[in-house]
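Novice: Chains A and B supply the protein sequences, listed in that same order.
Its first residue numbered 1, the first sequence is counted upward by one per residue in this note's numbering.
Its first residue numbered 1001, the second sequence is counted upward by one per residue in this note's numbering.
Heads up, a few of these hints could be off.
Below are the EDC-like pairs computed for lysine to aspartate or glutamate, each with C-alpha atoms no more than 20 angstroms apart in a straight line [stated by the list, open to error]:
#1 A:56 to B:1125
#2 B:1185 to B:1081
#3 B:1185 to A:86
Interface residues of chain B toward chain A, partial, derived using beta-carbon atoms under 7 angstroms [what the hints assert, rightly or not]:
#4 1035
#5 1181
#6 1214
I should point out that these hints are in silico values taken from the structure, not numbers from a laboratory.
Glycine is no exception: its CB is placed at the ideal position from the N, C-alpha and C atoms.
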Amino acid sequence: MNHLMTWATHWLKEIVAGWNQFWFAEQQPHTLALIRILAGLMLFYTHAVWTPDLMKFLGPDGVLPNQVARDIHGNSVAWSYLWYFESPTVLGALHLFALVVFAMFTVGFYTRVTSILATIITLAYCHRLSGVFFGLDQVNAMLAMYVMLGPSGAVYSVDRWLAERQAGQGGRQPEPVRPTASANLAIRLIQLQMCVIYLFGGVSKMRGEMWWDGSAVWFAVANLEYQSMDMTWLVRSPWLIALLSHITVFWEAFYCALVWPRRTRPVVLFLAVCVHGGIGLCLGMWTFGLAMIIANYAFVPAELTRALVSAGSTSLRRLAGGAGGRQLQPAADAEPTRKQLRGKLRGNAN
Amino acid sequence: MSKEKPQNTKTANPTASGDDSRDGSPPFAWSPLTRALLSGWLVIHMAAVFLPPFAFQTSSVPGSGSPLAVPLMQWISPYADGLYLNHGYAFFAPDPGSSFLLRASMEFDDGRETIHRTMPDLDIDWPRLRYHRHFMLSEHLNASFIPAQPPPEVAANPADLEVWQQRHAVYASRREAIINHLKKKYGADRVRLRRVEHRLLDPYEFTQPNRRIDSPETYIELSETPQPRATP
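Chain B extracted, bound-state conformation (with noise of 0.2 angstroms):
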């Protein structure tokens, strides 16, 4: 930041009108260089803000999109991931959706019983936030998740496939590494790792005798390998 010129208190604008030359005082503390120099950036810098949730919501999956947001976003994106402004900013959109749990088992070869966790635990993970990580954690997992035997037409086009692989090999090692970390936290032999959805009831089924947000039919476990998805 450029060092400021001090003002004179009696024409500086507290109400940031600023633009104030009537009475023969510089109308602005940065002359017009500094300025010029602060406006490029700021152009970089809005277009960086503006841009990635932009090329979001004109992508229906990843590294698709408007080929007007497409290549401004990749002559954009080091800026704009370098100081984190790479967000969509879709909460709870376009639909809230269900929830998505991990149950992990942990098992011994020595006879001990088998350990149940499920991530995230309102009894366990305290404060709130604490909660919210883990939960996250749980989110972000399943939303990487890409199983490993591609659909026919990925398979049939490299370019498609090494994308395909490439995003399969970051969720394994994601699954791996809770997988590891339970295993050298509880000593287990074995760890059995679920994705788990949480469904949610409309208010129709909500209504309904001996139905609960809770229920145990509304939590679905998610298969490793389901039928391939069309699109990577």
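The following block holds chain A by itself, in its conformation from the complex (with noise of 0.2 angstroms):
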């Protein structure tokens, strides 16, 4: 009976611990920072695109009326600001204003304020235009909501870029980029939301027949409205289109499971963007495409993003020839050194 005590202490120890690891751990906010600018540039487009039609989606003689978007919500606490506005004007303003927080929140100005407020104006819009939406709105609102937790205008910010001017103009070192609880906690949220998204993906089509007999993809690709790209060639080969429906699949099915080993997730997220570049250059939802490639992203460590987003910077300055350009990175944030990267990426099992 001792040793049952023992070991049941001590496995709830080890819970608890793996638990705070998992949630409470620091982790610098470079991957968290990307994936605002990308989410920002995905939420600005978003809702540009609603522009012209801003009055036959949201007005009183539109296709959607108030009241009859409140009708498709029922009982339910979904609520909008947008509810209560009707006149051009306003509504126009109130866009133009959903506009701007979008652009201040994708270049990091006031990220802390345009952050909340930008997943408040997401948030609206889901609720009152939850008669038009699809799975692109479900994910910019979950990367507008878990990006808002984090510190993501730390760096890649203008925020950043002002406080490391004014810290040169005093003739101080800029504060060093820190690692942060917050940033960890939000890009875990995105993490397991993706799982549960790709688990439900897998679930709901093993509930069908054409994902188990192999001619899913077919029915995809031939979907007229959907087509952006005459896929229908495939027909000539049966067992492309079987392999690429059971692939979809069991990809999904087991994404949850076998994208946190650091063996297999390279490959999972190289499946990722496969069948997400596949929706959106084939099935003409490239928004939607980007947008999970985007949340995909939060399982690149942000050792890893840094790295890259460096590469990048110095691979356009060279091409712009600007070699004598602004230095955006303090000395605290410098790029780390190959060997460097390579034993923290050993070490990361996030």
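Each chain sits in its own coordinate frame; assemble them with the hints.
Specialist: Right, dumping it as structure tokens:
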């Protein structure tokens, strides 16, 4: 009995330690910041597309008037500030404000405030226009909400650039970029929700017949309303259709397990890029495809992001011939050497 | 979010391994109380992420489902609805199916020719996301279709009948809103709005002579008064 108690206590302690480590360990903000930029661009574009149809969808004489939108929600607590406005001038002004907020959020200007506003605005549009929304909006809302929780403006932002300039003018070194628990928390939430999305994406496909008989991908590419690239030539290769169908189901269903180990993660993420890139190219939903790829980026370690961005900006500076261009990274946040990076990645199981 | 303590860069662990108390430094930036409170919120939040698709998969018709999932879902719904987490994530599932379009005919009493429009229309709705919004409008309208006349077994049960009528009222008001919009936009006296199913060809049909994925026979006009279905 004593052995059992000791074992149970030890097991519980390990669970608590694992929980704490998973959620509350610290992480550099670089991956979160890059997701902020990419998700911000997507939010800006997604909402900018409403502009020519603003009154058609939000107006009292539109296809989805306020009362109808409320009826769709029934007794739900879903709330939107857009419920209360119907005047074209007010709706236009609110829409313009939303686009300005998304632009500021993307470049990381007053990021703490704009990230909160971006989330409120995104949820407001989602609730007001839920009769015309699809997967893209679910991912947009998820990214806005979780990016808000972390220090997404700590790097790659106007906020950071201003802080460095201010420090430079005062003859001081800028504050180094530090790892934080909130950056980790935000990334973990994106990672886990992605696992849930793919798990049920796979489970729901397993309830069908076409994903099992290997014909599902044919019926996706043969759908004229989705088609943006004619892939019906696949009809001559039924084995390829079946292969793509089966890979999709198994990849989705097992994503939640295989994305965590370091050895399988690159394969799982590569497949994510292939599947969502394919959806974007062939099924006309490049916004949804890109949004899913952005969300998958949460699995890329911050150190790798820092190295990639640093390499990318160096290449850009070289291309622009501006070798003497402004150094955005402070000394404390400088690019790690290849050897240091390898060491960090080896020790990184997040 | 609680304020984080400033960290010593030497002890802060960028690899998220975190719990390093061997050198005497605090293992986590947040206090045990903060972590306990956040843990409670995380359990609720992750339940709100997991339960909606779980409940969706256990139900065949709205309101039905596993005796475990339904009450849990009712409990978490306000939170999940508020944060726009109430989704099934059943993309192209259980099977990829037909598309549903809207065809509208705007008719005029003053002798003007009837105008015909299809929603979505790739030639009008550009860029692609704008097209997709219109596509989702027609898809969602079709998905919410409930005929006015309930089947006898629903009509016999007052509770089921009430749900049926509420759902039909939502469908009817959505349809009416689109009709009113088109009337105002075109100044039409009447608008005839039809739901159209664009059936998919299977590989065998596709390889038959003169069959294309946009062959006229693949477009099927749907009735607003079909034979009653068995369940609401």
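Novice: Hint by hint, note whether the structure agrees.
Specialist: Verification of the hints:
no. : hint             : in the structure
1   : A:56 to B:1125   : 13 angstroms, holds
2   : B:1185 to B:1081 : 33 angstroms, violated
3   : B:1185 to A:86   : 17 angstroms, holds
4   : 1035             : 5 angstroms, holds
5   : 1181             : 5 angstroms, holds
6   : 1214             : 5 angstroms, holds
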